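So the sequence shown is numbered by this note's numbering: it starts at 262 and just counts up by one.
Treat the hints as calculated values from the structure; they're not laboratory data. Only a predicted model underlies this, so the values are computations on that prediction, with no experimental measurement involved. Wrong hints could be hidden among the right ones.
Pair by pair, the computed Cβ-Cβ distance ranges are [to be verified]: (1) Q529 / M768: 30 to 40 Å; (2) T497 / I784: 45 to 55 Å; (3) D383 / V786: 43 to 53 Å; (4) K718 / A347: 29 to 39 Å; (5) K382 / A716: 49 to 59 Å; (6) T551 / S667: 57 to 67 Å; (7) V786 / G527: 48 to 58 Å; (8) S703 / N299: 19 to 29 Å.
Straight-line Cα separation of at most 25 Å, SDA-like style, residue types lysine to any residue; simulated pairs [unchecked claim]: (9) K466 / Y816; (10) K579 / F648; (11) K681 / T760; (12) K450 / N430; (13) K450 / A379; (14) K343 / T626; (15) K466 / Y358; (16) K496 / K384; (17) K720 / K494; (18) K824 / N430; (19) K343 / E578; (20) K720 / E704; (21) K823 / G771; (22) K684 / Y465; (23) K494 / E578; (24) K563 / E578; (25) K384 / A470; (26) K823 / T497; (27) K384 / T423; (28) K720 / D547; (29) K681 / A504.
Ideal Cβ placement from N, Cα and C applies to all residues, glycine included.
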Amino acid sequence: MKLNKIWMAAVVAGTVGATACKKEGFISYNTNPGTIYNLKPEEQFANAVVATFEADFEYYYDYYRIMMPWMQYHTSQNGNGKTFMAEVGNFNQRRGYFYGRVGNVLTDVQKIIEAMPAGEKDKYQHQNAIATILKVYYAVYTTDINGSMPYTQAFQARYGGTMTPVYDNQQNLYNTFEAELKSAIATLKSASGQASYGNADMFYKGEAANWVKAANALRVRIAMRLLKRDATKAKTIATEALANAADNFAGNADNLDFVTTGEHTGSQNNWDPTAAIFRAPKSLLDFLYTTNDPRLRMFFQKNSYTQENFDLAKAQEKLPPTAVFNPRQYVGSFASPDAAANPVNAKYYTTRTIRKNGADLVLDTLSRVQYRLFCPYSNGGTGRVTFPLLTYAELCFYRAELAARSIVGAPGEAEGWYEKGVKASMAYYSQMAKDAAIVEYSEATDAEINAAYDAPKVKWNAATGLEQIAVQSYINFFKQANEGWSVYKRTGFPNPTSTIFPWERVMADGVEQIMPRRAIFNIPVSTDRNYTNAKAAFDDMAKDADFGQGPTDIYGRVWWDKK
Numbered sequence: 262m263k264l265n266k267i268w269m270a271a272v273v274a275g276t277v278g279a280t281a282c283k284k285e286g287f288i289s290y291n292t293n294p295g296t297i298y299n300l301k302p303e304e305q306f307a308n309a310v311v312a313t314f315e316a317d318f319e320y321y322y323d324y325y326r327i328m329m330p331w332m333q334y335h336t337s338q339n340g341n342g343k344t345f346m347a348e349v350g351n352f353n354q355r356r357g358y359f360y361g362r363v364g365n366v367l368t369d370v371q372k373i374i375e376a377m378p379a380g381e382k383d384k385y386q387h388q389n390a391i392a393t394i395l396k397v398y399y400a401v402y403t404t405d406i407n408g409s410m411p412y413t414q415a416f417q418a419r420y421g422g423t424m425t426p427v428y429d430n431q432q433n434l435y436n437t438f439e440a441e442l443k444s445a446i447a448t449l450k451s452a453s454g455q456a457s458y459g460n461a462d463m464f465y466k467g468e469a470a471n472w473v474k475a476a477n478a479l480r481v482r483i484a485m486r487l488l489k490r491d492a493t494k495a496k497t498i499a500t501e502a503l504a505n506a507a508d509n510f511a512g513n514a515d516n517l518d519f520v521t522t523g524e525h526t527g528s529q530n531n532w533d534p535t536a537a538i539f540r541a542p543k544s545l546l547d548f549l550y551t552t553n554d555p556r557l558r559m560f561f562q563k564n565s566y567t568q569e570n571f572d573l574a575k576a577q578e579k580l581p582p583t584a585v586f587n588p589r590q591y592v593g594s595f596a597s598p599d600a601a602a603n604p605v606n607a608k609y610y611t612t613r614t615i616r617k618n619g620a621d622l623v624l625d626t627l628s629r630v631q632y633r634l635f636c637p638y639s640n641g642g643t644g645r646v647t648f649p650l651l652t653y654a655e656l657c658f659y660r661a662e663l664a665a666r667s668i669v670g671a672p673g674e675a676e677g678w679y680e681k682g683v684k685a686s687m688a689y690y691s692q693m694a695k696d697a698a699i700v701e702y703s704e705a706t707d708a709e710i711n712a713a714y715d716a717p718k719v720k721w722n723a724a725t726g727l728e729q730i731a732v733q734s735y736i737n738f739f740k741q742a743n744e745g746w747s748v749y750k751r752t753g754f755p756n757p758t759s760t761i762f763p764w765e766r767v768m769a770d771g772v773e774q775i776m777p778r779r780a781i782f783n784i785p786v787s788t789d790r791n792y793t794n795a796k797a798a799f800d801d802m803a804k805d806a807d808f809g810q811g812p813t814d815i816y817g818r819v820w821w822d823k824k
């Protein structure tokens, strides 16, 4: 059973001592290797967890302004600009975070344990395994859009290793990740008499069985990345990972997620999307609306045209006397720059200001994102924020796809896993929205979830099953835009010709815009200490015909993203 997670400040106060000072102290730890052993593994693991989610720049740039608009999870206030699909300024924050804030600190955990006397070290095998799993998770996330990168030789300089680590190519990285995850699982299932992270583990409180499940979910995610490159390897990994039901997520209570107070994201800062006035995208909103999906109200807010406000607008001559009230308060914005700029659609982007109760009130036709789902303290909120990493719904969709493709399980099993995934996603977002205290929250009941699943475009249809799985996976990743992007790159869905979920065709000056595939690769200058290894890695990636026109080609592909 997963325990409730608490914010890092409470953990620090109650369990691992003065960790709040460790960010300053870690500067000296990085410059004086000997002092690292004065830290406990629990302290440094807590530091790594906190660093994983102190990613306000990543949300500001990578999520809010790049991946989410690309994936039509939201649009800008007045629709997307003509060049939004090519704007990648400050993109790829994850790479710097992995090497400077997360991977290095988790390596410290491993090294602290490695340096312990033999008798004591034996009691920390679980802690070492858990640190490995979290490190692999972030490495998988980093390589996803970066391809080759230092890993096996990374983070070793301060421990007598090289200061010029080689770049492991992505195929070898996945092999390494699989080996490390299998080893971690074996350790967690066999070692006894172990020291626990306790509250320093802000995910599972050190529960080994939960980390085994998370590791297997991560293995299946890796397997899905391999499907087009090495189907045999993908099948082997998925088959092994899914072999034992007890070692896999069985419900949302098993999810690997970070739930913390809204203080973590604060308000009126990089976490808060309020100032940007992100609008709900038409394609996603319309699909959720027509299928009566409860996630509609979890993702997006109603517009401000209540009957009362509409009547006031007419009385104050802000609307013509012939205007007719439309009870639908969920209205989406166009993702296509040409559509947003079309004078015919100007009515959707026109606001009106009325006087109500002695104050000005701006009436906006378009729905906005539920800001508190991302930043609970937005506009005076008081809720908690959830960061999903690996979830039961995601695993269900993978299992449905693997069965539908006759890779793991029989095709007849696909329907059951798909249904479980859809319903788990709806229930999970209902819980996240409740925790975040979103505007006008109401719980998604079992009856409502069942009815939404029965909608014609949602309920399983073997003829369109793979497309349905991809579409529902995409919706499920609303708070994990990188994974939604990966679904698109891997499956080609959603798309404008879909019969299930017709994505908006993105046009700018009459030219259809192409979805980017990866980050820009910055080759170090020739005087950089590791220039030779970096240049060799990029030259090696360029041998693939799908790599594109060079390191700066965001439409090129990394190894897993095969055409």
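**Study point:** Hints violated by the structure (numbers, ascending)
**Key:** 2, 6, 7, 8, 9, 10, 12, 16, 17, 19, 21, 23, 27
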